[in-house]
Amino acid sequence: MRLETKQLSVGYNKPKVEVASGINISIKNAGLTAVIGVNGSGKSTLIKSLSGLINPLQGDIKLYNRPLNTYTVKEIAQKISLVLTKQRLPQHLKVIDFVALGRQPYTNWIGIHEYQDKNHIIKALKQVKMYEAKDKACSRLSDGQLQKVLIARAIAQNTPLILLDEPTSHLDMYHKAMVLNLLKSISTNHDKSVIFATHEINLALQLCDSIILIKDKQVIHDTPQNLIHSGILHELFPQDLIKFDEKAQLFKMNRI
Amino acid sequence: MGSVSIPLQDITRVIFTGESSVDTWTYIILDYRLPKAMTAIIVGSGLGVSGLLMQTFFRNPLAGPYVLGLSSGASLGVALLLMGSGILGLSFTNYLWFSKTAVILASSLGSLMVMGAVLITSVKIKDSMALLIIGLMFASLTGAVVNLLSYFSASDELQQFVFWSLGSLGDLSWSEVSILGVFWFLGLILCLFLIKPLDALLIGESYAKSLGVHIKLLRFMTIIATCVLTGSITAFAGPIAFVGLAIPHLMRLILKTNKHLILLPTVCMGGAVVMLICDSISQLPGVDYTLPINAVTSLFGAPIVIWLILRSRQLNF
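As you go down the protein sequences, you meet chains A and B in turn. Taking our numbering, the leading residue of the first sequence gets 1, the next gets one more, and so forth. Taking our numbering, the leading residue of the second sequence gets 1001, the next gets one more, and so forth.
The hints are simulated quantities; they were obtained by calculation from the structure and are not laboratory data. Don't take each hint at face value.
[Unchecked claim] Cross-link-like lysine-lysine pairs, in silico, PhoX-like; alpha carbons within 20 Å at most:
| no. | chain 1 | residue 1 | chain 2 | residue 2 |
| --- | --- | --- | --- | --- |
| 1 | B | Lys1216 | A | Lys134 |
| 2 | A | Lys94 | B | Lys1256 |
| 3 | B | Lys1256 | A | Lys16 |
| 4 | B | Lys1256 | B | Lys1126 |
| 5 | A | Lys14 | B | Lys1259 |
| 6 | A | Lys118 | A | Lys86 |
| 7 | A | Lys79 | A | Lys28 |
| 8 | B | Lys1126 | A | Lys16 |
Construct the complete structure from the given sequences, taking the supplied hints into account.
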């Protein structure tokens, strides 16, 4: 078992706000898992809790059958890599230097890259097809290119788990599909468990191996097919504008 | 350089053999100009590195060595010593040697006080921005006390304080320069261990943590390194303006990199060179006056940085 939670409750301290509770997730093998839910339902909070950035309010998170809070930050960094939503990056930071930061959990005290570190960096850049742009400054990339570079850094970190917070936001429809396709290929071809928060429910239903659905502070972890047949997707949003079409397995706009 | 002109061959002779045609020249070079040059090197490199640490640490291009409130603490210490003693009727400014050491001690104590306060808050507070604001508040608080003291103090004590606050690279004996050098060396050694985690911090605290950086330890170490470098320099040379803020920007604009492995040594050298140039300007040959060093660093440095920004249109951390 790579990642497992039991009766997990996530949220924030001071003031205490519980965002979601009773979370039972189990990620056994490689695969693509989407975290879906309405705005403010706690997708990001769950991603941050699973990656150890914030402490859970209650319950256990187990990483490779060992409680997450018994790991040091460096040990976690060798198991989980994280891709966050848009952050302000320094002006002169080059693509290759940004991706190279993914090797930090493995380099020595001053951060010198050995041969295998360089190998990982180049492989990651090639995998997202950004090797040619390796000497560009990150600040000059388009949103789609930047997202690929962010993912390349996580690949270079070479961890069995990759967690992403809304990797498809700010992207056009084509690039959304491209990023999800990239994540899918990483999970199948490189034996990685990829968990990402997203608003792209239609794409996620088509592509993912499992889905974590957050609704009204409750969390369900199941396969897309089971979720579709359980009927819970009908209740995900208010019904006045969009409806879930079970046949097409898509959310559609209501005809006026 | 300076108000006494010494021929070049005599300078080289003094440096390599310790003799020259005029005895006072030997004295001037060995006991006045060389320690001054050493001080300039230490001050420039130390403040440049502190500025680099603070800019990355706060992810803010406006941060400099003094954002933690160190110079305010130091100036409070010195103001209390110089002006406070006058108000109380004690006048130990008459004892020249004692007063110099006392100023260094008072400045160090002031800096140490601020460092303690900042360290305590850094342990309690999760947000680095809060630290920045606390540093600013310290500056206002101590500034108010210093203003009060100046209001009530006699003019010659006030003048002494103003002279201190203008900064000075000279007046240090070899033994004082070597004490300063020890702190400088310790501070820089600490910085070596910060190169890797600071690189990770460039892309944000959350990313840094996910890359295995122990954020609290990094914060603690960065504050200590900055305090050791900046605190000791301020104690011996007064609050030197501008260099700490500008040198890291200069180096980033020239080298177009953010990697600390490259920036740290170049900022070190750049700071030393710029400070030596500023010191030379402050005592141009053939001029009898020596300008206060702070006036030079700002007068000549600020336009250069403005020009660089206008050229590249933006300034980043």
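To see whether the hints hold, each was checked on the structure:
1. Lys1216/B with Lys134/A: 32 Å, violated
2. Lys94/A with Lys1256/B: Holds - the C-alpha atoms of Lys1256/B and Lys94/A are around 9 Å apart, at most 20 Å.
3. Lys1256/B with Lys16/A: 44 Å, violated
4. Lys1256/B with Lys1126/B: This hinted pair is violated, its Cα atoms lying about 31 Å apart.
5. Lys14/A with Lys1259/B: Since the Cα atoms of Lys14/A and Lys1259/B sit roughly 36 Å apart, the hinted pair is violated (cutoff 20 Å).
6. Lys118/A with Lys86/A: Since the Cα atoms of Lys118/A and Lys86/A sit roughly 26 Å apart, the hinted pair is violated (cutoff 20 Å).
7. Lys79/A with Lys28/A: 14 Å, holds
8. Lys1126/B with Lys16/A: Status holds; Cα separation ~16 Å.
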